[in-house]
Every structure is written in structure tokens, then in C-alpha cells.
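Number of protein chains: 2
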Amino acid sequence: MIEAKASGNLSRAEAKTISFDEIFDIDNEVIVDLMPATQDGVRGRDIYMKAFRKGRHVVTANKAPLALHWAQIMEEAASRGGKMIRYEATVAGGVPLFSFRDYCITPSEVISFRGGIVSLTVNLVMRMMARGGHSFQEAVKYAQSMGVAETDYRDDTSGLDAARKTVILANSLFGLSMSLNDLYYEGIDEGKRYRSSSRMVSTVSVEGGRVRAESRVEELSQEDPLLSLPEESLAYIIETENNGKLMVRSERDGPLETAAAVVNDIVIMAREIC
Amino acid sequence: MIEAKASGNLSRAEAKTISFDEIFDIDNEVIVDLMPATQDGVRGRDIYMKAFRKGRHVVTANKAPLALHWAQIMEEAASRGGKMIRYEATVAGGVPLFSFRDYCITPSEVISFRGGIVSLTVNLVMRMMARGGHSFQEAVKYAQSMGVAETDYRDDTSGLDAARKTVILANSLFGLSMSLNDLYYEGIDEGKRYRSSSRMVSTVSVEGGRVRAESRVEELSQEDPLLSLPEESLAYIIETENNGKLMVRSERDGPLETAAAVVNDIVIMAREIC
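Going line by line, the protein sequences match chains V and P.
So for the first sequence, numbering that gives the first Met the number 0 puts the first residue at 0; every next one is plus one.
So for the second sequence, numbering that gives the first Met the number 0 puts the first residue at 0; every next one is plus one.
Heads up, a few of these hints could be off.
It does not matter which identical chain is used: a pair holds within one copy or between any two.
What the hints assert, rightly or not - EDC-like cross-link-like pairs, simulated, lysine to aspartate or glutamate; straight-line CA separation at most 16 Å:
| no. | residue 1 | residue 2 |
| --- | --- | --- |
| 1 | Lys49 | Asp151 |
| 2 | Lys82 | Glu28 |
| 3 | Lys49 | Asp32 |
| 4 | Lys191 | Glu217 |
| 5 | Lys244 | Glu231 |
| 6 | Lys244 | Glu230 |
Just so you know, the hints here were simulated from the structure itself, not pulled from any lab data.
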């Protein structure tokens with residue numbers, strides 16, 4: 000498949016196309032969803048629900064179902080004898096977060112997720128607009144030439160992609176059942192003049208019993224370790240109950256790193272199944 | 000126990016002292032070693048060997064046995080039906096590394112451990128000596144007043160403590176059986192004038208089939224993310240096969256964070272036992 004893609008003949012790769020229902024005729028334990036996000040997340044949700052009913056676990060890289068139907072998916076998983084769902088690749092795939100929470104800092108609750116740079120495209124475009132005053136369109140073209148922005152970049156620059164991630168963060172780290180509609184989020188204002196310290200940052204914290212979850216443009220201070228991140232880099236800072244304040248960053252966050260996150264989910268899930 | 004220590008009456012805490020052999024009369028599955036390092040690491044080694052023979056697993060925060068008797072300990076663990084030993088707290092306790100390797104980046108071998116700031120005392124003393132030209136003794140006193148340096152600070156400032164950690168890193172990450180004697184390491188030269196960019200850095204990498212493992216003073220470049228670390232902070236950068244180049248850093252690395260690392264080892268080990 001990889002060879003076929005490299006030679007530009009993906010359609011000639013030896014692969015068998017089957018219908019969604021046929022997935023469940025195969026003897027497997029884990030369904031892996033690598034489909035792109037849809038606007039309503041319904042297709043993914045329905046597959047996961049069916050997977051749980053059919054005794055399967057789920058690993059997904061698809062944000063939409065989780066950002067829109069979190070409660071329904073999690074309740075179904077629980078009600079079917081504790082089926083598992085892992086989704087590392089949905090949020091900053093190259094930077095381990097959910098596996099980090101589940102296996103590296105178990106004596107702690109996460110107190111805050113402060114300063115997550117979770118979306119490459121939106122930050123790269125903003126940085127280009129700040130540097131040398133490139134227009135929005137020029138900046139998008141640059142991000143595309145870097146292999147960062149997709150052809151259809153609107154989900155990224157509108158802030159929707161980062162917002163979906165922030166909802167998943169809030170739900171997973173703080174046990175909430177938020178949906179996209181509950182979140183304040185911003186996108187890139189095409190006419191605005193951004194500074195070199197402007198970044199789209201995801202923040203989820205609990206303050207006085209109330210959860211604050213947002214994805215917005217912030218001006219980072221010179222001391223903020225997120226400011227010096229390279230362009231292709233993602234990172235987050237979490238404050239924990241007993242494991243201190245920790246930062247994890249990737250040097251580069253590309254398709255290979257995201258694919259590795261999916262494989263890691265499958266591996267650690269397989270250990271729990273056996 | 001914690002209350003007794005806080006009130007300065009540790010000796011009055013309600014605790015029962017038992018001999019090492021009595022540990023094995025208790026119905027337990029995991030032996031936890033929180034003893035300080037000894038020069039030869041023999042006592043710890045013998046307890047672990049016995050633990051494995053008696054069917055126990057081991058969690059340890061004690062560097063000396065692993066830095067000096069790695070091969071012997073690991074062979075015994077393997078030969079007793081795959082007994083487990085976890086040792087997160089031995090190297091930069093507040094920064095998850097071995098659990099990170101085992102659960103967050105499983106599709107990858109670690110290619111290099113580049114730039115680990117793994118020892119607070121030695122770096123804090125060096126930074127004080129650089130800043131305002133404090134003498135070695137003044138810098139040690141400052142580090143002690145910060146609660147970072149221990150009363151007996153020689154293991155730290157001689158570089159021995161960082162060297163022990165580097166040996167454990169090399170063995171664990173690259174499947175080696177090094178001992179302290181195989182490692183090049185440096186300590187603080189009391190008469191030397193350090194710069195503000197000087198740091199004691201642990202590095203383990205494989206170059207042309209040969210392993211390079213060392214713990215030495217390096218001059219960090221302005222772009223090096225390790226340079227901007229706060230004084231009480233530890234961090235490492237690892238390059239992996241498929242999960243990219245990742246950095247993990249703690250904001251503060253103290254006794255609570257190290258204790259949390261021990262508890263995390265116990266929790267993830269308990270999951271594998273059940």
C-alpha cells in the first residue's frame with residue numbers, strides 16, 4: 000500500500016474493499032478507525048456503537064465522533080461489559096497524552112491542561128501572517144507546500160479542528176460530556192495583524208469547581224516554553240496532582256508520528272485484552 | 000509517618016521495624032526499595048535476587064544496584080519466570096521515561112537519548128558558580144538551602160549520581176549490560192569558571208554500531224531547549240524510530256514527584272500481575 004502510494008498508483012495497490020458490516024464477519028478484537036472527520040460525526044459514532052455491541056474494542060484517529068457524541072459512545076462502551084476505546088491520534092498525534100495520563104502519572108488527577116499547541120496548520124498560518132506580513136492566502140499556500148495544511152484547510156483555519164481536540168481533551172481529562180457547541184473557540188481572522196507571539200492555544204482547567212475549556216488566540220509571554228517551539232512542533236503542559244507540572248513536546252508532528260500513535264494504542268490495548 | 004516527620008518526631012511514628020528476611024514472610028507480590036544508594040550496591044542487589052527467587056516483583060528508587068549489577072539482576076529476574084523490575088524513580092524521578100518508553104511509544108526503538116538533564120544538584124551548583132562567580136562552597140550552600148542538595152552532596156557534585164543514572168539509561172534503553180566502570184563521566188571542577196550555558200548532560204546514542212554513553216559538562220547552544228529549563232526542572236530529549244523526537248520536562252522535580260513515580264511503577268505493575 001505504502002509502495003503503491005509512493006509510486007502514485009494507490010488505486011493499483013492490492014487491497015480488498017469491504018462494506019462496513021463485513022468488518023464484523025472477520026474474527027477481530029479491535030476496530031481501527033482512520034477515516035477523516037465528517038461534519039456530524041454520525042458515521043463513526045454508529046460504527047463504534049455497533050463495534051461495542053459486537054464485542055469489539057475501538058482505536059480511532061477520527062476526531063468528529065468523539066467531539067460530537069462523546070457521552071453516547073462512552074456509555075455504550077461501558078454498558079457492553081467495559082469495552083475500550085483509545086484515541087491518542089485525535090489530539091496532537093505525535094505527542095503522547097492519553098497514554099501518558101493512563102500509564103505514566105497514575106497517582107495523579109490532571110488539574111489543568113494549560114497551553115496546548117495542538118494544531119499545526121492554524122499556528123503555522125498565523126506565524127506566517129505575523130512574519131513579514133504575508134496575507135492569509137499566502138500563508139495557507141506556504142503551509143500547504145510544507146505538507147502541513149491540507150487541500151481543504153478550512154476546518155483548520157476556522158479553528159474547528161483545534162476546537163474538536165479541545166472538547167476531547169476536556170471530556171477525557173476532566174470526565175465531562177461536552178460537545179462542540181459548549182466550547183468557546185476562535186479561528187484565524189483573515190484581516191487581522193498577528194504578532195510573532197500569537198498562538199492558538201487550547202486550555203482546559205477547573206477553577207472554583209467550574210470548568211473552563213477554550214481554544215483561542217493568545218499572546219504568549221517570552222518565558223512561555225510554548226513560544227520557542229519550532230514550527231512543526233506540538234506540545235502541551237499539564238499540571239497534575241502529585242506528578243508535578245509536566246511538558247511533553249514533539250520536534251515534528253507528521254503522518255508517521257500520528258500513525259505510530261495509532262499503533263501504540265493498539266499495542267497497549269492488546270496487552271489489556273490478553 | 001508524614002505527620003511525624005513534619006513535626007520533627009519521625010522516631011515516634013507508629014511503624015514496625017522488621018528484618019529483611021521477614022519481608023518474605025508477609026503475603027505480598029511486590030518488594031519496594033526506597034533505600035539510599037550504597038557505594039557497592041550489593042545489599043540492594045541481594046534483596047532483589049532473593050525477591051525474584053521468592054516469586055516477588057521489584058519496584059526500586061535505588062540507583063546503586065542497577066548501576067553496578069544490572070546484568071546479574073536482570074538475568075535472575077528473567078530466569079525466575081519473568082519477574083518484573085521497574086525503576087522510574089532512579090532517573091529523574093519526576094520525568095516519566097521508562098513508563099513512557101513502555102506504554103507511549105511502543106512502535107519505536109529509542110535511537111538516542113540526547114540531552115538529559117537528569118540531576119538537579121550538579122546543575123544548580125554549576126549555574127550558581129557561573130552566575131556572579133560564586134565559589135563552589137557558596138553554590139553548594141545555596142543548593143542545600145533550596146532543599147535540592149543533600150547534606151552529603153559529594154555523590155552529586157562528583158558526577159557519580161548523574162553517572163549512575165546514565166548507566167541505567169544506557170542499559171535500559173539500549174539493552175546493554177554496562178557498569179559504572181564502563182562510562183566516561185565528569186563532575187564539577189571546583190576551581191573552574193563555568194558559563195551560564197554550562198550543563199551536566201547525559202547522552203546515550205548508537206553511532207555506527209557503537210554505543211556512546213557519557214555524562215559530562217557541555218556548553219549548550221542558545222537554541223537548545225534544555226538551556227531555558229528552570230533551575231528545579233529536569234528534562235530529556237529522545238529520538239525514536241517512528242514516534243519522532245520527543246522532549247519531556249518537569250517544572251519542578253522534588254520528593255513528591257519522585258514518590259509519585261514509585262507509586263506509578265507499582266500501579267502499572269499491579270495491572271500486569273492481575
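Looking back at the numbered hints, which does the structure fail to meet, lowest number first? 1
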